[in-house]
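Residues per chain are reported as follows:
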Amino acid sequence: MNEVQHIEVNEYHDHIKSLLEEGYEMMMDLTAVDWFRKKEPRFEVVINLLSLSKNLRKTIKVQVPDENLTIPSITDIYPGANFYEREVFDMFGIVFENHPELTRILMPDDWIGHPLRKDYGSGRIPVQFKNAPSVD
Amino acid sequence: MVKNKENSEDLDFWATNSEEGGWNISSTDEGSQKMNDEESEQQIKIQTGSDVVDDYFIEEETSEDERMIVNMGPQHPSTHGVLRLQVELEGEAVRRVKPIIGYLHTGMEKTGEELTYLQGPTNTTRMDYLSPFFNELVFSLTTEKLLDIEVPARAETIRILMTELNRVSSHLVALATGGMDIGALSMMIFGFRERELVLNFFEKTTGLRMNHNYIRPGGVAADLPDNWQKDVKEILKIIPEKLKDYDEMLLDNPIWQGRLQNVGIITPEECLAYGITGPSLRASGQGWDLRKMQPYSGIEKFDFDVPVLQESDVFARWRIKVLEILESLKIVEQAMDNMPKGPYKIQDKKVTPPPRKRLDESMEALIHHFKIYTEGFKVPEGDAYVAVESPRGELGCYIVSDGSSKPFRMHVRGPSFCNYKPYRLLWPIVQ
Numbered sequence: 005m006n007e008v009q010h011i012e013v014n015e016y017h018d019h020i021k022s023l024l025e026e027g028y029e030m031m032m033d034l035t036a037v038d039w040f041r042k043k044e045p046r047f048e049v050v051i052n053l054l055s056l057s058k059n060l061r062k063t064i065k066v067q068v069p070d071e072n073l074t075i076p077s078i079t080d081i082y083p084g085a086n087f088y089e090r091e092v093f094d095m096f097g098i099v100f101e102n103h104p105e106l107t108r109i110l111m112p113d114d115w116i117g118h119p120l121r122k123d124y125g126s127g128r129i130p131v132q133f134k135n136a137p138s139v140d
Numbered sequence: 060m061v062k063n064k065e066n067s068e069d070l071d072f073w074a075t076n077s078e079e080g081g082w083n084i085s086s087t088d089e090g091s092q093k094m095n096d097e098e099s100e101q102q103i104k105i106q107t108g109s110d111v112v113d114d115y116f117i118e119e120e121t122s123e124d125e126r127m128i129v130n131m132g133p134q135h136p137s138t139h140g141v142l143r144l145q146v147e148l149e150g151e152a153v154r155r156v157k158p159i160i161g162y163l164h165t166g167m168e169k170t171g172e173e174l175t176y177l178q179g180p181t182n183t184t185r186m187d188y189l190s191p192f193f194n195e196l197v198f199s200l201t202t203e204k205l206l207d208i209e210v211p212a213r214a215e216t217i218r219i220l221m222t223e224l225n226r227v228s229s230h231l232v233a234l235a236t237g238g239m240d241i242g243a244l245s246m247m248i249f250g251f252r253e254r255e256l257v258l259n260f261f262e263k264t265t266g267l268r269m270n271h272n273y274i275r276p277g278g279v280a281a282d283l284p285d286n287w288q289k290d291v292k293e294i295l296k297i298i299p300e301k302l303k304d305y306d307e308m309l310l311d312n313p314i315w316q317g318r319l320q321n322v323g324i325i326t327p328e329e330c331l332a333y334g335i336t337g338p339s340l341r342a343s344g345q346g347w348d349l350r351k352m353q354p355y356s357g358i359e360k361f362d363f364d365v366p367v368l369q370e371s372d373v374f375a376r377w378r379i380k381v382l383e384i385l386e387s388l389k390i391v392e393q394a395m396d397n398m399p400k401g402p403y404k405i406q407d408k409k410v411t412p413p414p415r416k417r418l419d420e421s422m423e424a425l426i427h428h429f430k431i432y433t434e435g436f437k438v439p440e441g442d443a444y445v446a447v448e449s450p451r452g453e454l455g456c457y458i459v460s461d462g463s464s465k466p467f468r469m470h471v472r473g474p475s476f477c478n479y480k481p482y483r484l485l486w487p488i489v490q
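Protein sequence lines correspond, in order, to chains X and R.
When you read off a place in the first sequence, starting at 1, and then add 4, the result is the number in the working numbering.
When you read off a place in the second sequence, starting at 1, and then add 59, the result is the number in the working numbering.
A couple of the hints might just be wrong.
Pair ranges (Cβ atoms, derived) [as the list claims (entries may be wrong)]:
hint	chain 1	residue 1	chain 2	residue 2	range
1	R	157	X	7	35 to 41 Å
2	R	429	X	40	27 to 33 Å
3	X	122	R	259	40 to 46 Å
4	X	114	R	434	35 to 41 Å
5	R	434	X	15	39 to 45 Å
6	R	440	X	60	24 to 30 Å
7	R	240	X	114	31 to 37 Å
8	R	102	X	104	48 to 54 Å
9	X	122	R	344	56 to 62 Å
10	X	122	R	163	23 to 29 Å
11	R	299	X	41	55 to 61 Å
12	R	267	X	42	23 to 29 Å
13	X	15	R	308	54 to 60 Å
14	X	27	R	240	34 to 40 Å
No lab work stands behind these hints: they were computed from the structure.
Remember, predicted model here, so these are calculated numbers, not experimental data.
Note that CB positions come from ideal geometry on N, CA and C, so glycine has one too.
Kindly produce the complete structure, drawing on both the sequences and the hints.
Structure follows, in structure tokens:
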């Protein structure tokens with residue numbers, strides 16, 4: 005029921021488009037995994053598509069190139085990908101080309117760093133507030 | 060010249076504020092007091108308020124600087140939580156809306172990477188305080204899929220019982236707060252009153268009214284309490300009666316209909332494009348329910364219908380929640396009548412902690428207890444995505460395991476995250 009496909013980054017946009025035409029009407033989920041010091045390249049984007057007509061799911065995995073951390077946006081194919089791509093940009097720092105509005109979505113606009121990266125520790129930094137004096 | 064005010068003959072002279080005039084010639088500061096004879100019937104109707112002129116609906120040429128940007132929220136009574144809407148207004152017409160979210164972001168995906176699989180439900184249950192059981196269920200199901208284990212039949216049925224009751228309580232809050240926003244304040248009291256029945260049963264079973272941490276990988280935390288059927292029977296008896304009361308109050312109510320019908324239409328195509336699932340999708344004419352199409356936790360054994368409405372407006376989305384409560388109660392009744400006997404946790408020593416009694420008698424049990432609560436159980440390498448039908452739509456959990464006792468990456472696909480995206484579509488006069 006759930007088929008996994010590994011796609012190269014240069015075929016990614018066209019492949020997603022052909023899957024929409026095949027009958028995968030909905031993009032359910034888009035996220036990323038940080039394989040820091042475990043795999044090369046470091047980031048992997050995972051997309052979960054759903055076909056209502058065929059009752060099938062499909063998982064697409066794309067390796068993001070390490071040099072520029074850039075991958076095409078699929079917002080023009082699935083408008084629902086808009087928020088997910090912003091979330092992945094916010095949390096992992098992966099840039100989605102041709103995204104209409106690639107800004108931080110969950111963290112404040114002036115936040116430094118990408119929290120879900122493996123080299124970003126949790127609970128060890130003071131909370132950042134806008135215009136607040138820094139705490140040492 | 061000083062006049063005596065007491066003199067009735069001179070009173071009109073003073074009112075005209077003129078030294079010369081008579082009362083019917085001169086005007087006062089407030090303009091002529093004489094009624095205009097030539098007023099048409101329609102003008103009188105407009106003045107008396109029986110005809111309302113909505114002149115702001117007339118499309119006029121306006122320049123950009125007549126538009127105003129207003130921040131609605133983050134704290135606003137109708138956002139039910141923290142949500143900021145940046146609204147561009149032109150007079151009273153909303154031209155553009157931009158939802159700004161993230162005020163409740165607490166980094167639960169990051170926290171999930173630091174907790175063992177047994178501690179995981181403690182974290183995920185807090186993701187949505189109205190349907191905590193679904194959050195625990197989806198995390199547990201994903202862990203069990205990675206572990207490749209099957210939980211006993213009683214645990215599965217308890218999970219269905221609790222989640223469907225949770226769907227009832229969650230939908231009741233949706234009806235209550237939805238009514239409150241429209242101005243039907245009795246609905247708010249009614250909805251929360253009936254939800255209390257369900258929450259009391261939750262408290263009796265799990266010890267808490269919310270954030271239960273009851274459904275865990277390998278089964279459920281505790282068995283159902285004694286005489287639990289009595290409480291469930293009471294819920295099954297009272298809630299359908301009260302739903303009839305709601306319908307009497309709201310279903311044919313002209314104010315309710317006028318405010319909700321043909322408002323906020325999301326077409327089925329928009330639902331598919333934006334990834335909207337759950338009651339909103341079913342109110343748009345798509346009969347998609349994961350409980351029927353991709354069943355989980357043995358829900359395929361239960362007999363229930365999936366209500367589908369075609370209208371796609373707010374009224375249909377309200378109505379479908381009422382109908383879904385009735386269907387969920389059907390499932391609850393069947394789960395109560397056919398509750399299997401047997402263990403409520405998987406009998407696997409590596410996953411289930413031993414009961415407290417055994418620790419005094421058995422060295423093995425002590426070792427297992429120590430290992431499970433310090434290190435946790437190890438989960439084989441791999442990744443899994445499992446989705447359940449939560450009250451708001453598809454709730455999915457994606458876990459990547461690297462073979463250790465903590466998830467390497469835990470991602471939750473929340474249904475409301477998608478449902479906020481098409482805010483642009485929901486306003487009728489949006490460009």
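Verification of the supplied hints:
1. A hinted range of 35 to 41 Å for the beta carbons of residue 157 (chain R) and residue 7 (chain X) is consistent with their spacing of about 36 Å.
2. Taken as a hint, the range 27 to 33 Å holds for the pair residue 429 (chain R) and residue 40 (chain X), whose Cβ atoms sit roughly 31 Å apart.
3. In this structure the supplied range 40 to 46 Å holds for residue 122 (chain X) paired with residue 259 (chain R), their Cβ-Cβ distance being about 44 Å.
4. The hinted window of 35 to 41 Å between residue 114 (chain X) and residue 434 (chain R) holds, with their beta carbons roughly 39 Å apart.
5. Residue 434 (chain R) and residue 15 (chain X) have their C-beta atoms about 42 Å apart, which keeps the hinted 39 to 45 Å range intact.
6. Between residue 440 (chain R) and residue 60 (chain X) the Cβ separation comes to about 25 Å, which falls inside the hinted range of 24 to 30 Å.
7. For the pair residue 240 (chain R) and residue 114 (chain X), the supplied restraint of 31 to 37 Å holds, since their beta-carbon distance comes to about 33 Å.
8. For residue 102 (chain R) paired with residue 104 (chain X), a C-beta distance near 49 Å keeps the hint of 48 to 54 Å intact.
9. For the hinted restraint 56 to 62 Å between residue 122 (chain X) and residue 344 (chain R), the CB-CB distance of approximately 44 Å leaves it violated.
10. The hinted window of 23 to 29 Å between residue 122 (chain X) and residue 163 (chain R) holds, with their beta carbons roughly 24 Å apart.
11. The hint said 55 to 61 Å for the Cβ distance between residue 299 (chain R) and residue 41 (chain X), and at roughly 57 Å that hint holds.
12. Remark: the range hint 23 to 29 Å for residue 267 (chain R) to residue 42 (chain X) is contradicted by a beta-carbon distance near 38 Å.
13. A hinted range of 54 to 60 Å for the beta carbons of residue 15 (chain X) and residue 308 (chain R) is consistent with their spacing of about 57 Å.
14. In this structure the supplied range 34 to 40 Å holds for residue 27 (chain X) paired with residue 240 (chain R), their Cβ-Cβ distance being about 38 Å.
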